[in-house]
Amino acid sequence: MIRLQNIHKSYITGTNKLHVLKGIDLHIKEGELVSIMGSSGSGKSTLLNILGLLDNHDEGVYILNNQEIKSMSETKAAKLRNNLLGFVFQSFNLISFKNAMENVALPLYYQKVARKKRNKMALDYLDKMGLKDWAEHMPNELSGGQKQRVAIARSMITQPKIILADEPTGALDSKTSIEVMDLLKEINQSGITVIIVTHENDIAHMTDRIINLKDGRIESIIENNKINSKETIRVPQE
Amino acid sequence: MFDLDKWQEITTALKKNKLRTILTGLGVMFGILILVTLLGIGRGFQNNIQSSLGNFATNSTVFWVERTTKPYKGLPRNRFYQFTNEDLVAIKQSVPELKNIAPEINGWSGNATNNTFRKDKKGNFRIKGTSPEMNMVNPVDITAGRFINENDLRENRKVITIGPRVKELMFDKDEDPIGQYLKVNGIYLKIVGTIKPLSQNMGNRDDIIQLPYTTLQRMYNRGDKFYSFLATAKVGESVEELQNSIFDILARRHSIHPDDKQAIGNFNIAKLFNKIFGLFNSIGFLFWVIGFGVLLTGIIGVSNIMHVVVKERTKELGIKRAIGASPREVVGQIINESVFLTTFAGFWGLVLGVLIVEGIGKMTEGSPNPQILNPYVDINVAFIALGVLVFFGVLAGLLPAQRAIRIKPVDALRYE
Ligand SMILES: Nc1ncnc2c1ncn2[C@@H]1O[C@H](COP(=O)(O)OP(=O)(O)OP(=O)(O)O)[C@@H](O)[C@H]1O
Ligand SMILES: [Mg+2]
Numbered sequence: 001m002i003r004l005q006n007i008h009k010s011y012i013t014g015t016n017k018l019h020v021l022k023g024i025d026l027h028i029k030e031g032e033l034v035s036i037m038g039s040s041g042s043g044k045s046t047l048l049n050i051l052g053l054l055d056n057h058d059e060g061v062y063i064l065n066n067q068e069i070k071s072m073s074e075t076k077a078a079k080l081r082n083n084l085l086g087f088v089f090q091s092f093n094l095i096s097f098k099n100a101m102e103n104v105a106l107p108l109y110y111q112k113v114a115r116k117k118r119n120k121m122a123l124d125y126l127d128k129m130g131l132k133d134w135a136e137h138m139p140n141e142l143s144g145g146q147k148q149r150v151a152i153a154r155s156m157i158t159q160p161k162i163i164l165a166d167e168p169t170g171a172l173d174s175k176t177s178i179e180v181m182d183l184l185k186e187i188n189q190s191g192i193t194v195i196i197v198t199h200e201n202d203i204a205h206m207t208d209r210i211i212n213l214k215d216g217r218i219e220s221i222i223e224n225n226k227i228n229s230k231e232t233i234r235v236p237q238e
Numbered sequence: 239m240f241d242l243d244k245w246q247e248i249t250t251a252l253k254k255n256k257l258r259t260i261l262t263g264l265g266v267m268f269g270i271l272i273l274v275t276l277l278g279i280g281r282g283f284q285n286n287i288q289s290s291l292g293n294f295a296t297n298s299t300v301f302w303v304e305r306t307t308k309p310y311k312g313l314p315r316n317r318f319y320q321f322t323n324e325d326l327v328a329i330k331q332s333v334p335e336l337k338n339i340a341p342e343i344n345g346w347s348g349n350a351t352n353n354t355f356r357k358d359k360k361g362n363f364r365i366k367g368t369s370p371e372m373n374m375v376n377p378v379d380i381t382a383g384r385f386i387n388e389n390d391l392r393e394n395r396k397v398i399t400i401g402p403r404v405k406e407l408m409f410d411k412d413e414d415p416i417g418q419y420l421k422v423n424g425i426y427l428k429i430v431g432t433i434k435p436l437s438q439n440m441g442n443r444d445d446i447i448q449l450p451y452t453t454l455q456r457m458y459n460r461g462d463k464f465y466s467f468l469a470t471a472k473v474g475e476s477v478e479e480l481q482n483s484i485f486d487i488l489a490r491r492h493s494i495h496p497d498d499k500q501a502i503g504n505f506n507i508a509k510l511f512n513k514i515f516g517l518f519n520s521i522g523f524l525f526w527v528i529g530f531g532v533l534l535t536g537i538i539g540v541s542n543i544m545h546v547v548v549k550e551r552t553k554e555l556g557i558k559r560a561i562g563a564s565p566r567e568v569v570g571q572i573i574n575e576s577v578f579l580t581t582f583a584g585f586w587g588l589v590l591g592v593l594i595v596e597g598i599g600k601m602t603e604g605s606p607n608p609q610i611l612n613p614y615v616d617i618n619v620a621f622i623a624l625g626v627l628v629f630f631g632v633l634a635g636l637l638p639a640q641r642a643i644r645i646k647p648v649d650a651l652r653y654e
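Read top to bottom, the protein sequences are chains A and B.
Just so we're aligned, residue 1 is where the first sequence starts under my numbering, counting upward by one.
Just so we're aligned, residue 239 is where the second sequence starts under my numbering, counting upward by one.
No wet-lab data here; the hints were simulated from the structure.
Source: prediction; values computed, not measured.
The beta carbon of each residue, even a glycine, is placed where N, CA and C say it ideally should be.
Treat the hints with caution; some may be incorrect.
[Said to hold, decoys possible] Here are the simulated distance ranges between beta carbons:
| # | chain 1 | residue 1 | chain 2 | residue 2 | range |
| --- | --- | --- | --- | --- | --- |
| 1 | A | Thr75 | B | Phe629 | 24 to 32 Å |
| 2 | A | Gln5 | B | Gln640 | 29 to 37 Å |
| 3 | B | Asn618 | A | Arg115 | 33 to 41 Å |
| 4 | A | Ser39 | B | Lys256 | 40 to 48 Å |
| 5 | B | Lys256 | A | Thr75 | 28 to 36 Å |
| 6 | B | Leu264 | A | Asp215 | 54 to 62 Å |
| 7 | A | Thr75 | B | Thr535 | 31 to 39 Å |
[Stated by the list, open to error] In silico contact screen, one side only, chain B against chain A (beta carbon under 10 Å); selected entries:
| # | residue |
| --- | --- |
| 8 | Asp243 |
| 9 | Ile416 |
| 10 | Ile557 |
| 11 | Ile643 |
| 12 | Asp649 |
[Claimed, not checked] Residues of chain B clear of chain A, computed beta-carbon distances all greater than 10 Å:
| # | residue |
| --- | --- |
| 13 | Thr250 |
| 14 | Phe268 |
| 15 | Ser290 |
| 16 | Arg315 |
| 17 | Asp379 |
| 18 | Lys428 |
| 19 | Met457 |
| 20 | Pro496 |
| 21 | Asn504 |
| 22 | Gly531 |
| 23 | Leu534 |
| 24 | Lys558 |
| 25 | Tyr614 |
| 26 | Gln640 |
| 27 | Arg641 |
Work out the full structure: start from the sequences and follow the hints.
Here it is, written out as structure tokens:
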């Protein structure tokens, strides 16, 4: 599903050049549930943004769904994001002047799905998230957990192949975090590839694989047993 | 086609900051309002001037007799002469660029205060000689009956047309003046028509009595002589050449030295008219410039606001792009908003402007000496203004929209 070879990324701020990703090699298979860990500033979000076509890489090869991503036009990238990818953000990123249902339905608007149909689908997804009664509520009337579930419903509605979540539980308490993780796991079990950036160990341990980033490189990859009983540590070969 | 989704996108975004939307809209609204009002008023000025000219033939000239200033053919200087009816025939025959020629002869109203009597009624009116050709040069409206015709002229008939004031003073309200007689300076004259001057300023007034100039010449023992006449050039012919040709003929017929220009007074009315029209065209142009300037500031306001709006909504646009909005859709949305705002505000400005111009028209309608007459908003101007608004609405949205999509989605999402 996702294949990265020697991905480099630098940020240029003024005269300084900050080398954030220093050669990432990674293969994520379809249907995997993967977490990316690492200390603050290690490049987790940068990597996820590149995977999500929100940012471009400077060097290396990125193959997404058998398609090489290389200086792609924004129009094409937008289409890929819309059809193939779903995003869940730490700060939810709901549109404040649209209600829950409209927020969930919005990706379908860009697929030219008729209003009635997409609102009905949005209601179905909100129902799955246990939020049917909150459909007409504006984001500022929802709790953090509810907002994140709306965001997850929005990421799901186009039936993407991959869901990218940047610290989805970062703004939630531990109980709500577990609920959100359960949802993401459920989504993963339906066959969707899920990639979660986190720095909470217990969240990471709920995933199949933990990719540890350090200073722009993959330090280690930890394979969790599917039922989380055993852990195997594998250091990537040079 | 009407797209409810697009519509809602536009209105929710604009509703988000009502005050700002309204203030921006007001800028455009006043712009178009001022443009439309100025143009309407300008039109009113022009109508007023045109109406005070009363359809007077613009390509015309007037001639009058003066004394000679040079001796010629044994005749002394300072000699007095008069135009004759034969002069008219001669000029008509040999000046091809001439369209109409008409002598101007006024009746003597006597020393008495009243010159016109009928039964117990009396009045003092202006008595003017006229001809069918005079009515081409300086026309009046015929409100009933007929105008003086060629037969009246040839046979010196004692027929007249009267202005509204004459009818009012000499007849009861329910009386029909046509066919009735008025005693003018002791002579009974038959009314064949009633007329209404198109303007009070060009020699014809409401208290006028017109009769064939030949009849007038007889009544006052003027023979076939007169002191002044009007002439018009055919369309496309120069009035100056007409003046020269007429001068030559008159000089020859009255033994005036060919260089004695002062002996025959004449004035090029066309030149004066052109000056007046030129002035009003420049005023009209000035109004356009001012109105357009105000409109432009309104539109620049929209562009500025769209800039701020787009900047403020960077994050929202980033979210939309992350979930699949293409650059075209982002740009389209911003332009839709901007066009909607400008045209909506502009439309109301147009409506208000038309109402104001009509209000001014109503207010000045009854007044005896209006500076502004029948101001109105040209429908073409209205459409041009709306077209300009849509065009600038697009432009006002395009620049900020381009900026919005130039930044990467990731940077837009990170924007606070
Ligand atoms: N747009 C940018 N311009 C300049 N520098 C940036 C930009 N985005 C990220 N960086 C820098 O790149 C480095 C990696 O950032 P990144 O957001 O990927 O870290 P992270 O691993 O997600 O950290 P955190 O756990 O705090 O979210 C940081 O040092 C950050 O300051
Ligand atoms: Mg991060």
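Verification of the supplied hints:
Distance hint check: the CB atoms of A:Thr75 and B:Phe629 are about 26 Å apart, consistent with the given range 24 to 32 Å. Here the CB-CB span from A:Gln5 to B:Gln640 is close to 35 Å, well matched to the stated 29 to 37 Å. For the pair B:Asn618 and A:Arg115, the supplied restraint of 33 to 41 Å holds, since their beta-carbon distance comes to about 39 Å. A hinted range of 40 to 48 Å holds for the C-beta pair A:Ser39 and B:Lys256, which are about 46 Å apart.
Roughly 33 Å separates the CB atoms of B:Lys256 and A:Thr75, a value that falls within the hinted 28 to 36 Å. Our hint of 54 to 62 Å for B:Leu264 and A:Asp215 holds, since their Cβ atoms are close to 56 Å apart. Checking the proposed 31 to 39 Å range against A:Thr75 and B:Thr535 shows it holds: the Cβ atoms sit about 35 Å from each other. Restraint check, B:Asp243 versus chain A: the minimum CB separation of about 6 Å is within 10 Å; hint holds.
Interface hint at B:Ile416: violated, since its Cβ lies 74 Å from the closest Cβ of chain A, which is beyond the 10 Å cut-off. The criterion of a C-beta within 10 Å of any C-beta in chain A is met by B:Ile557, whose closest approach is roughly 5 Å, and the hint holds. About 7 Å separates the beta-carbon of B:Ile643 from the nearest beta-carbon of chain A, less than 10 Å, and the hint is met. The interface hint given for B:Asp649 holds, since its Cβ lies 8 Å from the closest Cβ of chain A, which is under the 10 Å cut-off.
Not every Cβ of chain A is farther than 10 Å from the Cβ of B:Thr250; the closest lies at roughly 6 Å, contradicting the non-interface assignment. The non-interface label for B:Phe268 is consistent with chain A: the shortest C-beta to C-beta separation is roughly 29 Å, beyond 10 Å. Taking the minimum C-beta to C-beta distance to chain A, about 60 Å, the non-interface status of B:Ser290 holds against the 10 Å cut. No Cβ of chain A approaches the Cβ of B:Arg315 within 10 Å, the least distance being about 94 Å, so the stated non-interface status holds.
Every C-beta of chain A lies more than 10 Å from that of B:Asp379, the closest at about 64 Å, which supports listing it as non-interface. For B:Lys428, the non-interface assignment is confirmed: its Cβ lies about 83 Å from the closest Cβ of chain A, beyond the 10 Å cut-off. No Cβ of chain A comes within 10 Å of the Cβ of B:Met457; the nearest lies about 89 Å off, and the non-interface call holds. Non-interface status of B:Pro496 relative to chain A is upheld: no Cβ of that chain comes within 10 Å, the nearest being about 85 Å off.
Listed as outside the interface, B:Asn504 is consistent with that label: its C-beta sits roughly 76 Å from the nearest C-beta of chain A, beyond the 10 Å cut-off. Every CB of chain A is more than 10 Å from the CB of B:Gly531 (nearest about 36 Å), matching its label as outside the interface. Against the 10 Å criterion, B:Leu534 stays outside the reach of chain A, whose nearest CB is about 31 Å from its own CB. Distance to chain A contradicts B:Lys558 as a non-interface residue, since its nearest Cβ pair spans about 7 Å, not more than 10 Å.
With a least beta-carbon separation of about 44 Å from chain A, B:Tyr614 lies farther than 10 Å from that chain, consistent with its non-interface assignment. Remark: the non-interface label on B:Gln640 is consistent with the geometry, its nearest Cβ contact in chain A lying 12 Å away (cut-off 10 Å). The Cβ of B:Arg641 sits about 14 Å from the closest Cβ of chain A, beyond the 10 Å cut-off, so the non-interface label holds.
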